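Let the sequences and hints guide you as you build the complete structure.
Protein chains in written order, with my numbering: chain A, 42 to 312; chain B, 17 to 301; chain C, 877 to 1143.
No lab work stands behind these hints: they were computed from the structure.
Worth double-checking, as some hints may not be accurate.
Distance condition first, Cα-Cα at most 20 Å in a straight line; then the derived EDC-like pairs of lysine to aspartate or glutamate [said to hold, decoys possible]: (1) A:K85 with C:E951; (2) B:K212 with B:D43; (3) A:K306 with C:D1043; (4) C:K888 with B:D140.
None of these values were measured; they are calculated from a predicted model.
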Amino acid sequence: MSVAAATPHKAWQRRTPRAQFAVWAGWFFATALFVYCFSLISEKTIWAFVTDAPAQAGDLAVRMVPPDWRYIRELGRPIWDTINMATLGTAIAVVLAIPVAYCAARNTTPSVALVRPVALFIIVSSRSINALIWALMLVTIIGPGVLAGIIAIALRSIGFCAKLLYEAIEEIDESQVEAVRATGASRAQVTTYGIVPQVLPAFAGISVFRWDINIRESTVLGLVGAGGIGLQLNAAITQLYWTQVSLILLVIIGTVIVSEWVSAKVRHAII
Amino acid sequence: MLRIKGLTKRYRTGDLALKGIDLDVPDGQVMALIGPSGAGKSTVIRCINRLVEPTSGSVALNDVEITRLGSGELRRARRRMGMIFQEYALVERLSVMENVLSGRLGYVNFWQSWLRKFPQADIDEAFRLLSRVGLDHMANKRADELSGGQRQRVGICRALIQNPELLLVDEPTASLDPKTSRQIMRLIKELCEERKLSAIINIHDVMLAQMFAERIVGLQLGAIVYDGPPTGLTAAVLTKIYGEEDWSATIRKVDEDAPDEADDNAIAKAMPPASLERDRMAGLN
Amino acid sequence: MTDVALPRRWKKPPLIKSAFLRWSLGLGAAIYLALVIQTTPVNWARVWEGIPRGARFIAAFFPPDFVTRSAEIIEGISESLWMTVVATVIGIALSVPFGIGAAKNIAPAPVYYFCRGFLAVSRSFQEIILAIFFVKLFGFGPFAGVVTLSVATIGFYGKLLAEDIEDMDMGQAEAVRATGSSWLQWINYGVQPQVMPRMIGLGLYRFDINFRESAVIGIVGGGGIGATLNTAFDRYEFDSAAAILLVIIGIVMICEYGSGYLRKWVQ
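What follows is the structure, given as structure tokens:
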């Protein structure tokens, strides 16, 4: 239009040239890194196997159908064990996570210089080491079985629960705590009246959320001998009973979906 | 009698919030502390019950020097000072009753408070206070279901159930509408008269301060620049406290407000059975 | 000020209002616990015996030996890191279409159900189970690990992306559509700006998870530090195992601080 032509052009750019350059450099660097990493992996890969994989997968799929439904009678107990490992492990973890979170939160810790780093270290180590590795060690120590699984789940979950809980504690409204303190309440009373009510919903939500994750985690602990449905899965795979394997996988999907649904419902009810 | 001498507070950031305040508040006096934001009003109040630790100077309540107390004694001293907060600072997920009873925490041991087994006398007193402010039917409501004015009345009950000798009031009306602000201020004033309490009220609103306080202290940059009766707040004084501004609309002509005040009073008195209020709450649920 | 009928009793109202529900929940929990204790065989003698063994086990961890197996450790860790980078990038790239497809408010019904189904299945299986199958298909080595982690990333990230899109402000998106934009333009201008900040944070978080998971899929042959760790355990070289675990902890810590810093920088 003539109006547009009459007015002098004003160049518009989303970013300044410098920012634009930084963005391009960032993308370039990220792409280069990705390509480099991929080439390293590709070096260690036998591509013949990979190209053969679709055929293999088709073959496996054929052998897995139909699932061996009669086998389901033997799966009741392992599923029960799996759920128990998740539930008890979570219960133990949340109980132990409370003092850890209390010590790790900046506003409640007895000492920022001494106690807090210890609590943070507990959290990081518990989070970094997968339940399977905990189980691997525990099976050697206390022998195979559900108990090793429960403890493994508990040890792995402490860090997760404590981390989310201490973040919740750090986010509380300090003025409510101050108000309770101003009444002349003792430290323990300030905690139970000023802090606990504020973090209770978060605490319940975290527990249920972790329980849901733990159901999934506990399905594999059997691979290293710590009980649950993983034992059956391992046995079925090593004996090449593929129809049993497919049934076990279906049962796992079902359990996980149900637990996810329960967890979502409970969290919804809490909030 | 509250006696403050040479109260100084330097925050860790290096800001000098209070520059040696001297202040005496006799028993039964309602005093308003005014001043611009950042003048140190909140710091004064918090230094009195040591929610903020003063850097130097002394605070003495009835000859007990609060600034020297150990933590156990400090808690006993805090019981005698009720505090009312700006954003109410109720524990939102506790019920109204639990919030009021939390004012007795300094008097009961941990297990009593944990199990909510407060002495019957405390519960009676809590109900009496709640009915005094017109909220006894709300005892088991959760604090976050209440309106602003109702929350502040619960906050007042929490402070009064401590059976205090002094009320520390920090911006009680900052988040309330003008009418509710007046009702709350009037309630505080009446309760102070009933119980012969002295009070220090931090307040932004100069008009409200003039209306309800018998003594005004103006604070500017951590130092007292005015101390006198409400009538002494002239344009010159206000300029000294807040800086240059046209103050003609703020300075109160005492008689003009009188009928209006009586009208408000009637509403405040009629509040306890206020079914209107109750219906509104029911709608909220 | 009228005195109401005093004294009045007050009791804390119970958390769950219905008495029946309250009692049945309590009873249910008690029954469940009793059942669990009854059906969980614990060989206490074995546990008792395990305590000194555990002490010896832990003692064998000290001091961690970084030196003897340093070549393997470095190789394993770097392999884990490559796998993490590649899997995170591929996983997130693939999860974008799945996430968009699984958002109820912008995807047509058949696409929605297909994507939701795929996400649910890929999220149901723990990484180890996926790894077992991918190792079978692709052979031992990091490629199987990359595929495993990518699929797991799609499940995690796609679901969160879908939920984020479902939670977005439709008003803003509608305004962009009202300008006559094409579908892709609409996604780019109406949807992407709303979900981007949180998704960047979640991507960094997923990177962190992928690294930690890469430490275990090696146990079933998926490459990375897990293989080294497994070998250390098999050879009873617990001091080397301790060193590996410490390295993992250290890298996770660096990732955590780094991602916190990056997130601040991005936003």
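Hint-by-hint comparison with the structure:
For the hint linking A:K85 to C:E951, the alpha-carbon distance of about 12 Å falls within 20 Å, and the restraint holds. Using a Cα cut-off of 20 Å, the hinted pair B:K212 and B:D43 holds, with the two alpha carbons roughly 7 Å apart. Between the alpha carbons of A:K306 and C:D1043 the distance comes to roughly 18 Å, so the proposed pair stays at or under 20 Å and holds. Between C:K888 and B:D140 the alpha-carbon distance is near 15 Å, which keeps this suggested pair within the 20 Å criterion.
Of the numbered hints listed earlier, not one is contradicted by the structure.
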